[in-house]
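Chains as they are written, first to last, in full-length UniProt numbering: chain A, 1 to 147; chain B, 1 to 147; chain C, 1 to 147.
Check each hint, because a few of them may be wrong.
[Claimed, not checked] Below are the SDA-like pairs computed for lysine to any residue, each with C-alpha atoms no more than 25 Å apart in a straight line:
hint: 1; chain 1: B; residue 1: K51; chain 2: A; residue 2: K100
hint: 2; chain 1: C; residue 1: K100; chain 2: C; residue 2: D144
hint: 3; chain 1: A; residue 1: K112; chain 2: C; residue 2: Y115
hint: 4; chain 1: A; residue 1: K100; chain 2: C; residue 2: H117
hint: 5; chain 1: A; residue 1: K100; chain 2: A; residue 2: V139
hint: 6; chain 1: A; residue 1: K8; chain 2: A; residue 2: V127
hint: 7; chain 1: C; residue 1: K100; chain 2: B; residue 2: K51
hint: 8; chain 1: C; residue 1: K112; chain 2: B; residue 2: Y115
hint: 9; chain 1: B; residue 1: K112; chain 2: C; residue 2: E123
hint: 10; chain 1: C; residue 1: K51; chain 2: B; residue 2: E109
hint: 11; chain 1: C; residue 1: K51; chain 2: C; residue 2: Y10
hint: 12; chain 1: B; residue 1: K51; chain 2: B; residue 2: K8
hint: 13; chain 1: A; residue 1: K8; chain 2: C; residue 2: K100
hint: 14; chain 1: A; residue 1: K51; chain 2: A; residue 2: M28
hint: 15; chain 1: C; residue 1: K100; chain 2: B; residue 2: V17
hint: 16; chain 1: C; residue 1: K112; chain 2: A; residue 2: E109
hint: 17; chain 1: C; residue 1: K112; chain 2: C; residue 2: G58
hint: 18; chain 1: C; residue 1: K8; chain 2: C; residue 2: D94
hint: 19; chain 1: C; residue 1: K100; chain 2: C; residue 2: E137
hint: 20; chain 1: C; residue 1: K100; chain 2: B; residue 2: L134
hint: 21; chain 1: A; residue 1: K112; chain 2: C; residue 2: K100
hint: 22; chain 1: A; residue 1: K8; chain 2: C; residue 2: E137
hint: 23; chain 1: A; residue 1: K112; chain 2: B; residue 2: E123
hint: 24; chain 1: B; residue 1: K8; chain 2: A; residue 2: F20
hint: 25; chain 1: B; residue 1: K100; chain 2: B; residue 2: G31
hint: 26; chain 1: C; residue 1: K51; chain 2: C; residue 2: E30
Derived by calculation from the structure, the hints in this document are not laboratory data.
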Amino acid sequence: MNAAVGEKTYEQVCAEVVRFYARHVQLMDEGRAEETAATFTEDGTMVSPPKISTPIVGRTTLAAGLRANADQLSADGIRYRRCYSTILVEVRADGSIFAKSYVQVVRTERGKGSYLHAMCVCEDVLVRVDGELLVAERVVTRDDEIV
Amino acid sequence: MNAAVGEKTYEQVCAEVVRFYARHVQLMDEGRAEETAATFTEDGTMVSPPKISTPIVGRTTLAAGLRANADQLSADGIRYRRCYSTILVEVRADGSIFAKSYVQVVRTERGKGSYLHAMCVCEDVLVRVDGELLVAERVVTRDDEIV
Amino acid sequence: MNAAVGEKTYEQVCAEVVRFYARHVQLMDEGRAEETAATFTEDGTMVSPPKISTPIVGRTTLAAGLRANADQLSADGIRYRRCYSTILVEVRADGSIFAKSYVQVVRTERGKGSYLHAMCVCEDVLVRVDGELLVAERVVTRDDEIV
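The shape of chain A in the complex, shown without the other chains (with noise of 0.2 Å):
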């Protein structure tokens, strides 16, 4: 635990993770798309089967999701919001990171109050480009699709 990670020691790398996710997080949930899309790699990919069973790939596809998604959730008066907890992160001997985190996702509609909408695990692989981390691969499962 004390080993440096590259030049990094572990809780250097563990809060860059915890400010990579406040951060990414915030921005998706704001419906900030760009920006967002801006989190992953250029070749990023995104899954979460059964119901995006195919990878969807790169900065440009996700952002046109992102944006359209962002979109329809304004017209419709709705706020999502992706409580991120029990993130477990992992560095690989490639000086990638694994990290699994626990997602309460909370949805909130204009006049019903918010309520939990589901329980995901995200799994994702962050890579380090120019001394950010992005996100490069993600995997995304809804515990109600899976148990």
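Since the structure of chain A is provided, determine the placement of chains B and C on it from the hints.
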């Protein structure tokens, strides 16, 4: 991320901020009103639009409000837990810290189980006084009041 | 906060504790009973008043209980996720660690979606054995049983 903040590294500041919220929130949720008020600066402010649109100012006023609230909840057999997650920590040039957190407020009522009461976002300016982090300014918003 | 704890700094200990819980909880929630039991000390104890008022003592007994529970949940198509947040970490003079966490227990049942099952507080004494953190004593309380 490696750069020292004042004399502290980013990961030191993050560990402090996480510790601050854990202690602060557990004091609040356990009805320890005066100790909670002491985690604000002497002239600390709290606002929660639209319900509390005029800021509550100062430790004494905060303590009185927290005490009245805690006593009422205790009499009614109600417990709130403010589950902080997804905490974004930014250190500002003046040494203060901006922290933006997701807060799932869970309510438990005697004989009625626990449920999500509100999904909130808490935006704080934290400052250091005699080495201790304190809340100088707080803005809390509820998603169901702003969507 | 800068002071070393044994040979570790506070932020190192915090990173370790957060890592411990992420791994421990994910093992438990995935039904890996024996690996979960191995994250307790040989004579580790667990109590959850009022339901479990007599402590469960020892890794072997814990493993048996966890295994029976995991098998039953699997047969019933139920998944629990224990979302840990707001973790207060205190290092004691004897080198042990007191950690007090909020735990939102989310339950997912086949065909019934996910919902908040219980709001718990988990109070652990963690000790270091051969360099690894382990639970020596655990007390879990449910808000709906103590309000």
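Hints, one by one, checked against the model:
{"no.": "1", "hint": "B:K51 <-> A:K100", "result": "violated, 37 Å"}
{"no.": "2", "hint": "C:K100 <-> C:D144", "result": "holds, 18 Å"}
{"no.": "3", "hint": "A:K112 <-> C:Y115", "result": "holds, 17 Å"}
{"no.": "4", "hint": "A:K100 <-> C:H117", "result": "holds, 22 Å"}
{"no.": "5", "hint": "A:K100 <-> A:V139", "result": "holds, 10 Å"}
{"no.": "6", "hint": "A:K8 <-> A:V127", "result": "holds, 14 Å"}
{"no.": "7", "hint": "C:K100 <-> B:K51", "result": "violated, 32 Å"}
{"no.": "8", "hint": "C:K112 <-> B:Y115", "result": "holds, 17 Å"}
{"no.": "9", "hint": "B:K112 <-> C:E123", "result": "holds, 24 Å"}
{"no.": "10", "hint": "C:K51 <-> B:E109", "result": "holds, 18 Å"}
{"no.": "11", "hint": "C:K51 <-> C:Y10", "result": "violated, 35 Å"}
{"no.": "12", "hint": "B:K51 <-> B:K8", "result": "violated, 38 Å"}
{"no.": "13", "hint": "A:K8 <-> C:K100", "result": "violated, 28 Å"}
{"no.": "14", "hint": "A:K51 <-> A:M28", "result": "holds, 20 Å"}
{"no.": "15", "hint": "C:K100 <-> B:V17", "result": "holds, 16 Å"}
{"no.": "16", "hint": "C:K112 <-> A:E109", "result": "holds, 21 Å"}
{"no.": "17", "hint": "C:K112 <-> C:G58", "result": "violated, 35 Å"}
{"no.": "18", "hint": "C:K8 <-> C:D94", "result": "holds, 14 Å"}
{"no.": "19", "hint": "C:K100 <-> C:E137", "result": "holds, 12 Å"}
{"no.": "20", "hint": "C:K100 <-> B:L134", "result": "holds, 21 Å"}
{"no.": "21", "hint": "A:K112 <-> C:K100", "result": "violated, 33 Å"}
{"no.": "22", "hint": "A:K8 <-> C:E137", "result": "violated, 33 Å"}
{"no.": "23", "hint": "A:K112 <-> B:E123", "result": "holds, 24 Å"}
{"no.": "24", "hint": "B:K8 <-> A:F20", "result": "holds, 20 Å"}
{"no.": "25", "hint": "B:K100 <-> B:G31", "result": "holds, 23 Å"}
{"no.": "26", "hint": "C:K51 <-> C:E30", "result": "holds, 23 Å"}
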